[in-house]
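Input sequences plus hints: build the corresponding full structure.
There are 4 protein chains.
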Amino acid sequence: MSIPIGVVGFRGYSGVEAVGILGRHPEFEPVLLEHRHDAGDDRKLVRKSGPRRAAASPEAAREAGVQAVLLATPPEVSMDVTPGFLAAGIKVVDLSGAFRLQSAENYKHWYKEDHTAADLFSEAVYGLPEYNRAQNAGARLISNPGCYPTAANLAIRPLVAAGVIDRAAGVICDAKSGVSGAGRKATHKNSFCEVTENFSAYSILRHRHVPEVLMTSGLEEPEFSFTAQLIPIDRGILETIYFRATKSMTAADIVGVYQKQYENEPFVRIYEAGHVPDLHAVRHTNFCDIGVVLDAATGRAVVVSAIDNLVKGAAGQAIQNLNLIMGFEETAGLL
Amino acid sequence: MSIPIGVVGFRGYSGVEAVGILGRHPEFEPVLLEHRHDAGDDRKLVRKSGPRRAAASPEAAREAGVQAVLLATPPEVSMDVTPGFLAAGIKVVDLSGAFRLQSAENYKHWYKEDHTAADLFSEAVYGLPEYNRAQNAGARLISNPGCYPTAANLAIRPLVAAGVIDRAAGVICDAKSGVSGAGRKATHKNSFCEVTENFSAYSILRHRHVPEVLMTSGLEEPEFSFTAQLIPIDRGILETIYFRATKSMTAADIVGVYQKQYENEPFVRIYEAGHVPDLHAVRHTNFCDIGVVLDAATGRAVVVSAIDNLVKGAAGQAIQNLNLIMGFEETAGLL
Amino acid sequence: MSIPIGVVGFRGYSGVEAVGILGRHPEFEPVLLEHRHDAGDDRKLVRKSGPRRAAASPEAAREAGVQAVLLATPPEVSMDVTPGFLAAGIKVVDLSGAFRLQSAENYKHWYKEDHTAADLFSEAVYGLPEYNRAQNAGARLISNPGCYPTAANLAIRPLVAAGVIDRAAGVICDAKSGVSGAGRKATHKNSFCEVTENFSAYSILRHRHVPEVLMTSGLEEPEFSFTAQLIPIDRGILETIYFRATKSMTAADIVGVYQKQYENEPFVRIYEAGHVPDLHAVRHTNFCDIGVVLDAATGRAVVVSAIDNLVKGAAGQAIQNLNLIMGFEETAGLL
Amino acid sequence: MSIPIGVVGFRGYSGVEAVGILGRHPEFEPVLLEHRHDAGDDRKLVRKSGPRRAAASPEAAREAGVQAVLLATPPEVSMDVTPGFLAAGIKVVDLSGAFRLQSAENYKHWYKEDHTAADLFSEAVYGLPEYNRAQNAGARLISNPGCYPTAANLAIRPLVAAGVIDRAAGVICDAKSGVSGAGRKATHKNSFCEVTENFSAYSILRHRHVPEVLMTSGLEEPEFSFTAQLIPIDRGILETIYFRATKSMTAADIVGVYQKQYENEPFVRIYEAGHVPDLHAVRHTNFCDIGVVLDAATGRAVVVSAIDNLVKGAAGQAIQNLNLIMGFEETAGLL
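Chain order of the listed sequences is A, B, C and D.
Each residue of the first sequence is one higher than the one before, counting from 32 in my numbering.
Each residue of the second sequence is one higher than the one before, counting from 32 in my numbering.
Each residue of the third sequence is one higher than the one before, counting from 32 in my numbering.
Each residue of the fourth sequence is one higher than the one before, counting from 32 in my numbering.
No lab work stands behind these hints: they were computed from the structure.
Hints should not be assumed to be uniformly reliable.
Identical copies go unnamed one by one, so any copy, or any two together, can satisfy a pair.
List time: in silico BS3-like cross-link candidates among lysine-lysine, alpha-carbon distance up to 25 Å [stated by the list, open to error]:
(1) Lys75 x Lys291
(2) Lys79 x Lys291
(3) Lys291 x Lys216
(4) Lys278 x Lys122
(5) Lys75 x Lys220
(6) Lys75 x Lys122
(7) Lys75 x Lys139
(8) Lys79 x Lys220
(9) Lys278 x Lys291
(10) Lys143 x Lys122
(11) Lys143 x Lys220
Structure representation (C-alpha cells):
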C-alpha cells in the first residue's frame, strides 16, 4: 500500500515534476495539498482522474494520511506552513531557499525579507545526499539544495578536498539555466518573445545561490565567482567551471579524483578525460553528469557539470531525500 | 528633410517594428509619442541616441512637427486618442481593431466592449492597399487590417471573384501564428515554458478576425470557418486554406488567377503550381507569399498564404498605407 | 525475472524511446541489437552501464534469450530482417511502414520501392489496439501504425461509425508534427537553422500515411484530404480535423460518441465539449487526447487530436502491442 | 549607379546575409557568383527577380562589372579562388579563416590542412576596422575577422592597453554562439532535434579562433582561455569574460576606458556600469555591445560582449571593410 505524500505548490514547475515522480514511485502516492497561493486550471478531461486532493493544512493532510510533505513553494510560504506540519508530526522536505542559509541575518541579506521561522534553522538539514546522507535519514525537516548549488557543489567539493585547485587563482562558475528555473509566474522577462532567440546574463556576481556554494564546496568567498545566464530552453542547468590545477596533472588525474569520490553514488556520472556532458544527457533524469578538460601546458582546467534543474535540482533530489527520511532505497522511483 | 511620424505604443512588438522601418525610411523619421499606457525600460547605453520623443498628445505632436501618427495600441487606446489627433490635423493609421468593423454593434459583439468613437466609422478606410489603394490616398484615418485577415483576404478574394471556389462546400482556414501576435503583455499562456515545445489552438471558430475576412473576401458567414493556432516562434503567420474547385482545373489554372490579379503588386508573390511558401520566405519582409496544390482527381485544393505578422500583418502594411496617404511611392522603405 | 526484448535501430529517435520504456517496464528488459545500419557514438561515461547488446541476427538474439523484437528501422531494413526473426521463433513488432499497406503494389505506389517480403502481408496484423486488440494477441508479426494515422483514426473512426459526419462535404485533416517524426538522419531541411522560427507544409495531399487512414477510419479516398506540416519542436503531433455534422447536434453530442467508444480505453482521453488538447497534454505519454468544438448554427465541427509521435505514435504503441502479444497487462510500463 | 559586388558562397548563411545587406546598400549591388561548391534550390516564385548572376570566375566577374568580391566560402575555396580574382584586378574580402593567421605553419596547426596560397599572407590585412582602419583603406585583400575573435578583441584589447587587467590571474572567455555559426552543411550535431532544448560545449581550450585573439588582444597564450558553446538559437554570439582588475577600481572606471577608446566608433556601444547586453540588443545589427560588472571587494570583473555572428561577426563587418576599401562612408548600408 502506498504512503501518501503531500505536495504543496503542485501547479508550479517543480511541483508538477514532484507529483509525476511520486505517481511512478513504488512506495509513495501524491496528495495535492491546495494552498491559496495556487493558481491555474486543470485540463478539461471528461473522465477526471489523478491524485487525491486536500487542503494545505496540517489537519487536512493528517486526515488524508499524509506522512510527509514536499513544499514546492516560495520561501515565504514555506516559512509560513512548515511549523504547522512539523507540529502535526508530518515531515517536511522544503524545496525553497527558506531554510538553506541557516541564519536569519544571512537570509535577510540574500533574500531581502525577514525570516519568520528562524527557530527551525537548528534542525533543518541541508539535503545534499551525496554529502549529508547520514544526517538526512533522521531529519524531520530537510532543506532541499538550490539548483545551481547542486551542480556546483558536486563538481567543486571533491577537487577542493583533494587539493587540486589553485585557490589563489580563484574558481569561476559560468552557469546557464533553462527558463523553468525562474518559476511559473508570468513576467515580461520570461515571456516567449523575450526569451526565444536570446541569451542573457542576470545576477552577475551576486546571485542568492552563492552562499550555498560557499557553505558546501569548501571555497571561501573571495575565491569564487558566479554568473547566472538564461538559455532559451525549458529545463536544464549547465555550469562551466574554470580553475587552475595546483600542480602538473592531467585531465585523467582529475577524473580519478571524481571517480574515487563518486564510485558508489547512483546519481553522479563521470565522463572520460577530455569529454563533457551536454544537457540532453541529463534531461528528465536525477543524474549530475561531470566531465573535465585540461590544458597540461598551462594547468588551466574546465569542468562541465550538468543537471536537470527540475529533477536533481529540485523535485528529484527532494524525493531522493524523502526516500532517505522514510527509510526506503535512495534510488526508489528515480532511475 | 525627413517628415516626422509619431508612433504611439512604441514599446509593443508592432510599435518597435514601426519605429525600425521609419528609421530606415527615405522620407520619414519616427517620433516616439509617450503614452501612460507604455511600460518598460530602455537599454542602458552610455551614449543615448535613437528617435526624438514627445508626449502622446495632439499639442506635443504638432510641436514636434508630426504630420501623421501610427497607433500601435490596444483598441481602447486608439478610440481614445484618435479624435484628438484628427482634430489637430494629424492623420492617423490605426493598427488596432478599433475602426475595422464599421459598426458599433459589430464591434461590441466581437470585442466585448463599447465603442467610444463610433462617429469615425464613416471616414475610416479599411487599408488593404491591394484592394483599397485609391480610397487610402485621400483618407485622414486608415484602419490597418488585422494580421490573420491580411493573409486570408489576399489569398481568398481573387478566387471568389474568379468563381473557382465551390462555395457550397465551404472554405476552411487553418491559421497558425507566432507569439508576437498576442502582444507584449506578460501572461502565463505566453510565457516561455508554456509555449516552447508546444502547439495549441485557440478561439476555434470564433476569432474576432473572422468578420474582417467576411467583409473583404467575398465569402458569406456560413461558407467560412477559421481556427487560430499558436506556433512556438516569435513572428510569422501561415494559413492553410482548403476548398473545392468549382470545375475541373489544375493548380496552374489557379496560379493563373493569382498572377492576373497580382502581377503589378509589389508585395504579393505567387509560387509555381505545386509549390508553397514557408515562414522563412516572408520573415522580416512586407511580402504576402501564396502557393497552391490541387488534387485534380477530386478537385480538392490547398492554398498556403504566409506573411510576417509584424510587417505585412501590422507595421509594414501601416507604413505602406502611410506612404499612400502622404503621397510617396507605396514601396518606400519597405523593400 | 525480466524477459529480454530486442531493439533494432536503437539509436534512432523511436528506438531510444523504446529502450527507455522497456528499461522502466516491470516485465521486460531491452537488449540492443546492433545492425550495420546503426550510426553514432555512446556517451563517454567512465562507468559504462545500460542494456545488454548483441548482433542484430536471429542467432545472436536467441542466444541473448530475446523473445520478441521491436524494429525501429526504415522499411527496407524491416523487410530484410523480419523473415529471419520469425523463422527463429522470435515475434516481431515493426515500427516502419513495411507491413502496413498489405499489398506489394500499394506499397510500391506510396513508398516508391519494391517490397521484398510480400508473403508476410497475410499474417501481419495492423496493430491499433483500440480496434484490433483481439487479433494482436495471437500475432507473430505486428505492423505498428504510423504516427499521423494513429491520431487521425482514433479521432475519425467513431464519428464515421456513428454516422455523424457529412461525408459528402469531406473531412480535412490539417496535421502538424515535431521534427523527430522525420527521423535521425541529418538533412538540410531538418537542420536547426532551417526549422527554428519557421513553419512549413510538406507532402500536401499525397503523404504516404493517407492510405492507412483510408484502411481504418471508414472514409473513402475522395472524402479525405490530408496535409502534413512541420512545427519547430522536438516531438508531438496535433491534428486539426474539419467536417460538417450530418444533422443538428451539439459538441456535447459528439463528445458523447467518443465517450461511448472509449470509456474503457486506458490511452484515449476525451475533453469536455468546447475544449481541446495542446501538445503539452500528451508529451512523453502514451495518450491520445481528443476534443471537439462545434458551431451549432452551421454544423461545422473542429476536432483536435494530439499524441506524442514517439510514444503513442511509435514506441509506446509498439510496447502496448508487445504487452498484448506477450500476454501482459496492456498498460504495463506505459502509465 | 550601383557598383557590382560579387558574392561567392551566396547560399551559405553569411552569404545570404551579405546579399541582403548589399541589396539595401546605397552604393553597391550584389552579383551572385555561382561556384561548384554551391548547393540548394531557389524559391519557386512565378515572377523571378533578385540579383544578377554570373559564374564564380574572374572573367565572368569582370564581364559583370564586378569591382570587388566577398568570399563567404570555406577556407579551401577562398585559397583557391583568391589569386585569380586579385590577378584580374578585383579586390577581395574573404570571410573564411584562410588569410587570418598569417603563416602557413600556424594555419596548418589550427586548420589541419595545407595552405595553398601562402604568398598572399604578406598583403592580407586583418580587417578589424576599429583597429586597422587605415591599413584597410589601401588593401587589395582583406581577411575578415572570425566571429568569436571580433567580440573578444573589441572587449579585451582596450583593457589590456590600459593596463587594467591582472594578466597573471588570466582572462577567461566563456563564449556562446547560435547555430548559424557552424554553417549551412547538414550534420547530425546541428540537426534540430539535437540542438533544441540542449546546450553544449565544444572545442574547449582549443578552438581555432584562439590565435586570432592572441594576435590582436594583446594577451599572451598562457593568459587566455576560451570555451565555445552552442545555444539553441539561430544567430548571435555572447561572450562572458572574466578577469581581475590590477588595482582598486569601479565598474565605472572600466566603462570609462571603453568610452575613451570607442567614443567615435559607430558600431561599438558601451553600457552604463553594472549593465550588460543580451543578444536581442544586437540581433540583425552590426553593433558590438559591451557592458561591465565589477565586485569592488574582490576586484573580480565580468565583461559581456555581444554581436550578431552573421553581421558584425561576418557579412556586416565584411561590408564595413568593403566600404573602406572602396572609399565610401564606413557605415553605408549598415545602420
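Here's how the hints hold up against the structure:
1. Lys75 x Lys291: So Lys75 and Lys291 pass the 25 Å test across copies only (18 Å; inside, 51 Å).
2. Lys79 x Lys291: Close across copies (16 Å), not inside one copy (49 Å); limit 25 Å.
3. Lys291 x Lys216: This pair counts as neither: shortest intra-copy Cα distance 42 Å, inter-copy 39 Å.
4. Lys278 x Lys122: neither (46 Å within a copy, 51 Å between copies)
5. Lys75 x Lys220: Between copies, since 16 Å is at most 25 Å while 29 Å is not.
6. Lys75 x Lys122: Neither: 33 Å inside a chain and 40 Å across chains, both beyond 25 Å.
7. Lys75 x Lys139: neither (42 Å within a copy, 29 Å between copies)
8. Lys79 x Lys220: Between copies only: 23 Å across, 35 Å inside.
9. Lys278 x Lys291: within (19 Å within a copy, 41 Å between copies)
10. Lys143 x Lys122: neither (27 Å within a copy, 50 Å between copies)
11. Lys143 x Lys220: Answer is within; shortest intra-copy Cα gap is 21 Å, inter-copy 29 Å.
Checked against the numbered hints given earlier, the structure breaks hints 3, 4, 6, 7, 10 and satisfies all the rest.
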